[in-house]
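Trainee: Turn these sequences into a full structure, and let the hints steer you where they fit.
For the record, the sequence lines run as chains D and P. For the first sequence, my numbering begins at 1 and goes up steadily by one. For the second sequence, my numbering begins at 1 and goes up steadily by one.
Honestly, the hints are just simulated from the structure, not real lab data. Keep in mind that the hints are not guaranteed to be accurate.
[Stated by the list, open to error] Restricting the straight-line Cα-Cα distance to at most 20 angstroms, the calculated cross-link-like pairs of lysine to any residue (SDA-like) are:
(1) P:Lys336 to D:Pro43
(2) P:Lys336 to D:Asp215
(3) P:Lys336 to D:Phe19
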Amino acid sequence: MSRPGPRTVVEVRNLSRSFGSVLALDDLGFEIHRGEWITLQGPSGSGKTTLLNLLAGLDRPTSGRIEVDGRDLRDLRGKELASYRSRKIGLIFQEFHLVTYLTALENVLLAQYVHSMTDRDQAVRTLERVGMEDRLDHLPGQLSGGEKQRVCVARALINHPPLLLADEPTGNLDEANEERVLELFEELHAEGFTLVVATHNRKLAERGERILLLDHGRLVTGPRQERSVS
Amino acid sequence: MIGRLLSAGIRHRWEPSLLLFLAVSAAAGAAAATAGLSWRIDRTTAANLERSGPNLVMRPQLEGSGFFTLRDLERVRSLPGVRTAVPWSHTGNDAGAEILLTTSAALDLYPHWELTGRWPRDPDERIRGAATTPSTDSVGVLTTGERRFDRALLQNLEGRPDVPIQRIEVRAAPEMLGSVRSSLQRRLPGAEVVPVARVTETETALGHRLVVLLGSISGVILLLALGTVVAAGLTEVESRRREIALLQSLGYEASWIRRLLGLELGVIGLVATVVGFLAGELLAARLARDLLGTGGWDPSLVVGVLTGAATLFLLIATVLITGRRLGRLNPAVELKNR
Chain D
1 MSRPGPRTVV EVRNLSRSFG SVLALDDLGF EIHRGEWITL QGPSGSGKTT
51 LLNLLAGLDR PTSGRIEVDG RDLRDLRGKE LASYRSRKIG LIFQEFHLVT
101 YLTALENVLL AQYVHSMTDR DQAVRTLERV GMEDRLDHLP GQLSGGEKQR
151 VCVARALINH PPLLLADEPT GNLDEANEER VLELFEELHA EGFTLVVATH
201 NRKLAERGER ILLLDHGRLV TGPRQERSVS
Chain P
1 MIGRLLSAGI RHRWEPSLLL FLAVSAAAGA AAATAGLSWR IDRTTAANLE
51 RSGPNLVMRP QLEGSGFFTL RDLERVRSLP GVRTAVPWSH TGNDAGAEIL
101 LTTSAALDLY PHWELTGRWP RDPDERIRGA ATTPSTDSVG VLTTGERRFD
151 RALLQNLEGR PDVPIQRIEV RAAPEMLGSV RSSLQRRLPG AEVVPVARVT
201 ETETALGHRL VVLLGSISGV ILLLALGTVV AAGLTEVESR RREIALLQSL
251 GYEASWIRRL LGLELGVIGL VATVVGFLAG ELLAARLARD LLGTGGWDPS
301 LVVGVLTGAA TLFLLIATVL ITGRRLGRLN PAVELKNR
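Mentor: In structure tokens:
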């Protein structure tokens, strides 16, 4: 087996995940390089969210392994696993999952507070960066879908994680907000963030450098199970 | 951040928070009411039993000197556990009435005795029992409800070392009765010390029954309260599954989340305990007034500590049980797109 190169952020080998008799992921193997933008595509139930959950350390594989920055996620327990989630991963959800009783700024600070400190200026700058400087003190209920998603992106960015995982980030957005989020992802990619985005959105998928196409839990395209998009 | 999470969270989830508050308040109130009523019953019973008079009687043994002196009386009074010691001496009769000598401590030993006038000061002064023939030389009239005393003439024994004491009646702390009796026998070797069976048996039986009754009631109330508070705590966790999963996905450890929930529960529990304690004390005071004819607003530190301990037990049990539920929560499932 070849050793991952210095540019490799994620290495997945023989990864399977089953839920009872249902095989959600079947013997996946791929690598993700630093600064890459990977798109996960496939029909509903093909295993995209399951793969993201495994990469995020929210779930554990039935067999196989995932290495992120050289650490096998199977070895992580309790404190180490929590540290992995807070330092290595930024999560962006289709349903935003903002804490409804905290303001936009406080939702971002909440992600920062996991390190037992908050830097209000930095959180404000991050929200400014996603165009939310006028909505700092708004509760999620006072924000549009696009604005919520931008807060979600700011929350994912605040700890400068090397790996951003997004699950249908434009799934709940109208066209204008979708475009704004697409631009944001392009900016992040240009800045060198590694992106893994699960989406049904063709426009978003086409912005990625590589597509991993899943069908019934298996990677299905190309001799390297990957397809380059020009 | 923690403060904001707590205050905004409790305000936002006011319904489960209110449920939890009511459950803890009810538990604290029940504990305070039971403990408060128990304390008042205990105090009232003790006060009532005090009125029963002495619980030990000392007599000189025949083979000894045949009487006690005022110095003996002082030695009895100085013994720990002795609340009251009253000497008695019979010196003869006057116009058919028995002449008894004692001290004003008799009025403490028999609080239901009523004295009109004043207690005699000089050796030749006396008070008369209510059933004796009125005379001009008595300085007061004593009503006891007991035939023997109501037909007697009483004189002051204080400051009269020449008068032999034939009997000393002692009121000892009920819980120290045995040790007081032994000590008396050691200090005054020629004395016979006999418990007054009627009084001591009543004290023992009443005390035992009260402990069993109130202990059983408290146990049942605590069990019911435990069920209610734990159910409210679990409802709280259920209503926050996604929020907890989000915290996990952000990298918060399960122990941190447990502490956060415990802190929330602690804040709600503290306010609820104070409110419950005050409500329970009010109820106990009301019940004591209606049932015992005594009491009133008189909160006790012991009752407060007992209430606090009971609710602390409930809250710790709730944190442990909800913590187990938290440990089984799968963030991947909770955060799944719906």
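Trainee: Would you mind marking each hint as holding or not holding in the structure?
Mentor: Against the structure, the hints come out as follows:
no.	hint	in the structure
1	P:Lys336 to D:Pro43	holds, 16 angstroms
2	P:Lys336 to D:Asp215	holds, 19 angstroms
3	P:Lys336 to D:Phe19	holds, 15 angstroms
Consistency note: the structure conflicts with none of the earlier hints.
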